[in-house]
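Peer 1: Below, each chain spelled out in residue letters.
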Amino acid sequence: MNKVLKFALKLLGKLLLVALGFFVVTFTVYFFNLDMKLTAAIEPFLLKHYDRIERDTHL
Amino acid sequence: MAKEIGKDRLGDFYKDGGKVRKRREWRGVEDTLYDYSRWLTIMMTLGKFVMKPRNVKAMFRYRWMANYLAVPMMVDRHTQGLRGEYLRICHTEQDLIINDVAQLLDSLFRGDRRIGNDTEFSKKVVLVDENEMTAVMMGFPTLKSLSRETPSTYVSVLLNQHAAEHYIDVAQEFGLAGDVCPMPEAEAGVSIDDDAPVLGACAIQCNTTCDGSLLGNGVISRRLELEDGIPVFQLAAPLRHREEDVQDYAAQEIRNAIAFIEKHTGEKWDWEHYFECAKRVNYATKCRQEWLEMNRTPYPQVFGSNLALYTETNYMAICGRIPAFEEADRKISKLAQQAYAKKKMAAKEYRHRAIIWGVQSHYYMDFLVWLLNCWGIVPLTDMLSLVSTRVLAEEDTPENRETAIYDMAWLTENMIMRNRTHGGYKVLLNELWEFTQQFNADMVILWEHMSCKALTGMHGMFEDRARELGIHLVWVSHDLFDPRIISRQGVHDQINNYMRTVMREEPIDPSLEVLHDEESW
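Chains as they are written, first to last, in this note's numbering: chain A, 1 to 59; chain B, 60 to 580.
No lab work stands behind these hints, which were simulated from the structure alone.
C-beta: ideal position from N, C-alpha, C; glycine also.
Careful: at least some of the hints might be erroneous.
Unchecked claim - Output of the computed footprint for chain B on chain A, the stretches with three or more beta carbons under 8 Å from beta carbons of chain B: (1) 31-44; (2) 52-58.
Stated by the list, open to error - From the derived model, a few chain A residues whose C-beta atoms are all more than 10 Å from chain B: (3) LEU11; (4) LEU12; (5) LEU20; (6) GLY21.
Could you put the whole structure together from the sequences, leaning on the hints where they help?
Peer 2: What follows is the structure, given as structure tokens:
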């Protein structure tokens with residue numbers, strides 16, 4: 001029983017740690033707007049890519 | 060960093076010449092955690108979307124898809140300064156709209172001949188215009204009504220102010236007139252640039268709002284019919300939609316559109332489903348009227364972009380077909396009543412009560428939040444939210460089936476924007492002053508969309524009447540989809556000049572008066 005309880009507590013501790021880590025990382029990304037800063041850096045490469053696509057452009 | 064409304068200097072979040080804001084707002088523990096949880100939900104929606112390889116393929120095929128990188132920033136712009144119920148109302152709406160657009164994109168790419176090429180699915184798709192009531196789809200539960208223009212142009216410009224510029228230039232390079240509305244012009248540009256998904260059993264276009272929309276429809280339908288083999292029906296709703304003698308014709312157009320869809324999809328109109336949708340349309344109308352009723356009091360609750368963006372989506376694009384919007388209506392009403400009972404305010408000071416008239420600029424949809432935060436001007440309602448309040452027949456009887464045809468015709472005639480820009484001076488000019496009285500407004504902010512001839516033609520008449528009634532009339536010129544003509548700061552300057560020189564007022568939040576966000580999404 002003791003072993004089971006110990007394992008459960010250990011698992012719970014790990015889960016809490018993972019949840020806390022997830023919160024710290026994602027909240028930092030959220031608060032400092034890192035998601036938008038990253039996508040803003042990606043956009044120019046995407047636009048260059050679109051310019052290279054061959055298209056059947058006509059009326 | 061403040062919990063209280065109006066304590067933050069919202070302009071300080073902007074970086075001069077930057078594309079994105081420096082950081083997100085601290086709104087106190089509860090509201091910040093709520094906003095963070097909604098941000099996580101949005102990230103999950105986007106994550107789920109890009110999990111599908113066909114959506115990634117589409118991301119690298121269609122130029123307008125790059126704008127969807129800016130989804131979280133669009134939400135941030137509309138939630139600026141909001142706390143409590145106002146923040147929750149905004150997220151209830153925006154998150155649902157994001158989810159709906161993600162599903163629309165997913166469906167488009169599933170059927171798209173270039174991407175998913177699911178031919179069986181494509182046979183069940185009816186393409187509709189962006190600016191079109193989807194009432195004729197209320198009785199086709201097994202069909203998918205999809206708009207290509209909604210994600211490629213309409214939503215794109217809400218996400219990124221520069222989204223339409225490339226397509227406007229393409230259209231003009233091919234000789235299309237430069238002085239028509241940039242919205243249909245950009246839609247035509249998407250088609251010319253070979254950047255529209257190709258799918259569907261047939262398409263329904265509508266003589267929506269202006270000469271520009273006819274221009275766009277002509278270019279798009281030719282490519283659809285002659286190259287893609289997708290037949291197109293032109294749903295021509297009457298111009299003078301308030302006149303009794305045009306209603307029989309309008310109803311016949313609806314019957315013809317339904318027959319066209321049945322012919323090309325092999326599906327039959329389902330009255331039971333139609334009346335289910337009609338009940339939801341009536342519920343949405345009831346909720347919208349309750350919100351507008353509150354906005355006539357000193358404590359408006361659902362207003363600004365919380366009212367405008369949601370009404371456009373729910374009234375026209377959804378039209379009772381998606382039950383999730385009924386749930387959202389219920390939740391918004393509950394939040395609004397809760398805030399109203401506590402006499403809550405969305406900003407620290409309300410100085411002026413304004414009706415927003417005319418067609419708003421899409422590259423600056425968060426202008427309404429700016430008006431409130433910078434100058435304390437409460438945007439009680441906008442022209443596009445003052446749509447039909449007619450109660451639709453909702454019980455399936457032989458008489459009601461006939462009435463329903465007229466109801467659908469009425470909705471189509473009274474689609475957003477069209478119900479005011481068509482129909483003559485009574486609906487565009489005269490009714491404005493009735494609304495200023497009903498809402499006890501002391502100010503009218505008049506968006507002057509310079510390419511919209513129906514509106515600009517009445518410039519002098521608006522001025523005369525405002526002078527007679529002693530209403531402050533503030534003109535805000537813009538070019539709808541093209542911020543190169545008048546920038547967001549150009550829009551600010553028109554308000555700033557009026558407020559400083561005529562009203563002799565100082566801004567509530569001076570950091571918002573001048574924002575160098577020309578490069579921003």
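Peer 1: Against the earlier hints, flag every one the structure doesn't satisfy and list their numbers going up.
Peer 2: Of the numbered hints, all hold.
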